[in-house]
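Asker: Given next are the chains, with one letter for each unit.
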Amino acid sequence: MPHVNSLYGPLDPAPDAGYVDPPPRMGFFTDTSVCIGCKACEVACKEWNDVPTSGLDLLGMSYDNTGALTANSWRHVAFVEQPRSAGWATPAFEHEPDGPPISPETAAVGARTGTDTGTDPGLPPGSPAAAARMSGGPEFLGMPGAQPPGRGTGVEQRTDFRWLMMSDVCKHCTHAACLDVCPTGSLFRTEFGTVVVQEDICNGCGYCISACPYGVIDQRKDDGRAWKCTLCYDRLGVGMTPACAKACPTESIQYGALDDLRERAAARVATLHEQGVPDARLYGHDPNDGVGGDGAFFLLLDEPEVYGLPPDPIVTTRDLPAMWKRAGLAALAMAAATALAFLGRQP
Amino acid sequence: MTGATSPEPAGRRESPAGPDQPDGQRRRRAGHGGEQLTVPPADFASYYGRPILKPPVWKHDIAGYLFTGGLAAGSSLIGAGAQLTGRPGLRAVGRWAALGGVAASTYLLVHDLGRPDRFHHMLRVAKLTSPMSIGTWILTAFGPMAGVAAVAELAPLLPRHGPLGLARRVAPTVGNVAGLAAAATAPALATYTGVLLADTAVPAWHDAYPSLPFVFAGSALAAASGVGLIAAPAAQTAPLRKLALAAATIELVGGRRLERLGLTGEPYGHGRSGRLVMAGRALLAVGTATALLSRRSRILSAISGAALVASSVATRFGVFEAGRVSARDPKYTVVPQRERLAQKNEPATRP
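Top line first, the protein sequences correspond to chains A and B. According to this note's numbering, the first sequence is numbered sequentially starting from 1. According to this note's numbering, the second sequence is numbered sequentially starting from 1.
Rather than coming from a laboratory, the hints here were simulated on the basis of the structure. Small disclaimer: the values here were computed from a predicted structure and weren't measured. Zero decoy hints are in this set.
Some but not every residue of chain B turned toward chain A, in silico, with C-beta under 7 Å:
(1) Gly49
(2) Arg124
(3) Tyr209
Every residue, glycine too, gets a C-beta built ideally from N, C-alpha and C.
Bound conformation, chain A alone (with noise of 0.2 Å):
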């Protein structure tokens, strides 16, 4: 008998999917208020699991040259500038001459930029649009710009500055869509609660890529499967830390089980919020969201959407059941509408 939480709401998703006395839930907790960029758990990844190449070219649009988590990138670090204080005493640019954000233009051609990662659809190109008013907002100072900030407007021009960076990766979600709409069963639930893709079964079907509400999973264009973050499974089996949290040299990337985890990164907000950064908040550790929890959660250091991550997520499969419902009606309809037109009265 399914959980009546099967489709939505908390649950734990590893005795839901049919394990008796399972290990407790694993996860990542990504604290981007220590992440220095330094893309050592993309690499790292890349090289325990084999994950081929994802091309060598600038994007043109900041120091992310990954751009997004694709087929052949697990691990993606974002990268923003934004002209705000970054929430401690000392003006990170005192004595340096700061200035106008890089225009719009410059932005919105950025933003036109795409990269061959052999995958599908990878990082196609953004919205110009969207671009444009990132960079003519608070949000976006222009990386890389052609001069060190500000030079040439001088001292009173000056803006303070910070930079974002946040390590993404897949969120293995208690009620993960990928899974719930994948037709073989190639993607799957294991022991640890985290979502897998099985590569010798999946045909490339290309559902879970469409139903993934973060934008993670994709297509490898050479081979024709869907590949994702497995959470390193195969090295927690014999209980060791996936690769990329071993690698993070600031522990911005914390592996362990979830429960640690998100009484870990409680504390951690609530320490950032005593030393004076109040935009400190989390990210995807709530079983009541969307999707039920995020198995990988973040601290982030503003709103989601400007790490390029959804707001407010939820799992398409919550509506599954009202839409066989409209699907059986138009079924019904469709039947009576061939009765009718056969069965009446022929002119």
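Start from chain A and add chain B according to the hints.
Answerer: Then chain B, alone, in the frame of chain A:
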């Protein structure tokens, strides 16, 4: 306000923008009609304008399948109706169109896979949470039945005597049973595709879940009526005129909410996807009206049939394209979710 041209100059900003209200920009779409005014201005933050969602990797195979699958389902129903009301010419057209449609569907579905040689992995499991799995099993039930029903139409070509003569005598009964069995699964085949698209994170598809099955049901009947009007003997097509009218009613009434979804409905009324959807409706209206007027005229019947088939193609490709558009622009992901959050936090005042 400077209208919808972008990018806009950075300096023009009235309100001090907080993190929730990333900038003070207002964008009004040049829309007309009452619904458009409710579309909220696209104020939102993004990561360098990049899409949040991965746009569907389905190629036009899938849009084509939406059409051929619908055509097969509708034709199968027409074949059964003709069978039960004694219209052999129309019955044959319906059965052959059903077989042609389902054969094309199977090809398109397998061809769209990243690993076509693994198509049979779909048959490993039956999953209620996966509309694609359900659809696979519906097709698996429908396809062979539609095939048997169509092949049974060849019975008159067999010799009257010998073992093949026996087959000739048995074929009509077998064909009738298979035709009815196919028709029994046909409504599911035509409407599950609405759930297939809606059960995704693609904003324009998901939010349209109440409408899509009706649009697809109507479109399937329209396409099948169209093929019947083109190919069946004029004396037997009277039910198809009524069926075309019913199809148009189901599709237009079911689909009238598409553009009223708010922002996520925008691609159904604007751009290339919007033009396809609108063309589909116009062709449906023209095709239905012509069908009702055509009576015994072969030429008018064929014209109306062609319009109905074209309408179905345009609708399917339009809906398909609308989803892709809505997944590519972060606007359709962020703005509705922000609104939802704002509603959730209604009592709390925001800076």
